[in-house]
Amino acid sequence: HRTRPRRRAFRWASGLAAGLVMAVLGYGGLEYVPRWSDTHHTGVGQRQQWLLSDGTRVTLNSATALSVDFTASQRTITLRKGEALFELANDPARPFVVEAGQDRVQAKDATFSVRRDADQTRVLVANGAAQVEHQAQTLELRPNQQALYRAGQPVAERQQVDANALTAWHRGKLIFNRKPLQEVLSELERYQYGRIVLPDTDLGAMQISGVFDLNDPHNLLHTLEQRYGLNITYLPFVAWVH
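Here the UniProt record's numbering is used: the first residue of the sequence shown is 1, the next is one more, and so on.
Keep in mind the hints are simulated off the structure, nothing from the lab. Computed from a predicted structure; not experimentally measured. Take these hints with a grain of salt, some might be off.
Label pairs and their calculated CB-CB ranges [as the list claims (entries may be wrong)]:
hint	residue 1	residue 2	range
1	55	233	37 to 43 angstroms
2	237	73	45 to 51 angstroms
3	129	195	37 to 43 angstroms
4	180	48	26 to 32 angstroms
5	240	38	38 to 44 angstroms
6	237	148	26 to 32 angstroms
7	93	236	49 to 55 angstroms
8	129	219	33 to 39 angstroms
9	74	242	49 to 55 angstroms
Mimicking DSSO-like on lysine-lysine, the simulated pairs with C-alpha atoms at most 30 angstroms apart in a straight line are [what the hints assert, rightly or not]:
hint	residue 1	residue 2
10	179	81
11	108	81
12	108	173
13	81	173
Using N, Cα and C, we set each Cβ at its ideal position, and we do this for glycine too.
Generate coordinates for the entire structure from the input sequences, incorporating the hints supplied.
This is the structure:
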């Protein structure tokens, strides 16, 4: 009498296991498609670099989050926030796609970056070519070209830029060439906690040039202070520039 419950339990477990296998492999002749997914993120002031399963090198900038979803037919990255640089491994059979909100970037053999801020998305190509789709618009970007999509604007134009300077962050540098102080401070703010406040609009128009070391993010403002004679008052989570 004791063997029957065990046999029933064994049959039930075997049936469940078979059902799970059929669900995984696909019932009714559906083909099994290998899938690989992962999630990566960085904190404020951090950078991270790693290789994807296909050999693509990805570098995450400060405060960035993305997810990876690879199948047999496509390689897809979803950029949640921040900025990432992609150095693609060539795979003609599987396009490489980056989705950033309403924007979609596709390439096969290229080096490009995608930056997603609260009010805009920027796609920059350093090598190769990438196709950018935004609503009804499609743009083809070549080396040293970028597309900038601002919130509420359905169309962007190609812009000629210095891709080497704009992607210097992945080498641990920030490069500015005659940039207004206000823009420089907004960029530096990405790499440290708290806010940087500049109430003087005339001072904010002062042009800044130079190379800044990202390996010491807490010293970025001190470097600016020394080079340009700025006065900076440091408060908890606020730096007051005057």
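Violations among the numbered hints
Hint check: 1 fails alone, others pass.
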